[in-house]
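S.K.: Residues 46 to 137, numbered by my numbering, are exactly what the sequence shown covers, in order.
No lab work stands behind these hints: they were computed from the structure. Among the clues, some could well be false.
Only pairs whose alpha carbons sit at most 20 Å apart, straight line, appear in this in silico EDC-like list of lysine to aspartate or glutamate [as the list claims (entries may be wrong)]: (1) K110 with E67; (2) K110 with E76; (3) K122 with E111; (4) K48 with E94; (5) K48 with E111.
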Amino acid sequence: MSKNQIEARIAQLYLALQYCSERSRTFTAGERICINQERFQWMHILDNEASAPRPVPLSIENKLKEVSRLIALHNFKPYYGDPFKEEILLQN
Numbered sequence: 046m047s048k049n050q051i052e053a054r055i056a057q058l059y060l061a062l063q064y065c066s067e068r069s070r071t072f073t074a075g076e077r078i079c080i081n082q083e084r085f086q087w088m089h090i091l092d093n094e095a096s097a098p099r100p101v102p103l104s105i106e107n108k109l110k111e112v113s114r115l116i117a118l119h120n121f122k123p124y125y126g127d128p129f130k131e132e133i134l135l136q137n
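Using the sequences and the hints given, assemble the complete structure.
M.R.: Here it is in structure tokens:
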């Protein structure tokens, strides 16, 4: 994956978690942990390209796709901004 694709995936995962927190409890605590593990592994890969990704299981990926559809349908904007995006802006 390119740097832009990784950053987009990190943002997608964060937005799905925010949607779950603010609108609809879609993910279980365990699923949220898996999503956060993938997010932080992608962040690690940005600093260390030799690291391997840790994608979420297919069942969670399917839920992520449904949440992404709902986010687009409802034009969801999270209450809190994505701290990762803010950090990227500060670095550039």
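S.K.: Against this structure, judge whether each hint is valid.
M.R.: Going down the list of hints, with the structure as the test:
1. K110 with E67: Holds - the C-alpha atoms of E67 and K110 are around 17 Å apart, at most 20 Å.
2. K110 with E76: Distance of about 14 Å is within 20 Å: holds.
3. K122 with E111: holds, 16 Å
4. K48 with E94: holds, 10 Å
5. K48 with E111: Status violated; Cα separation ~25 Å.
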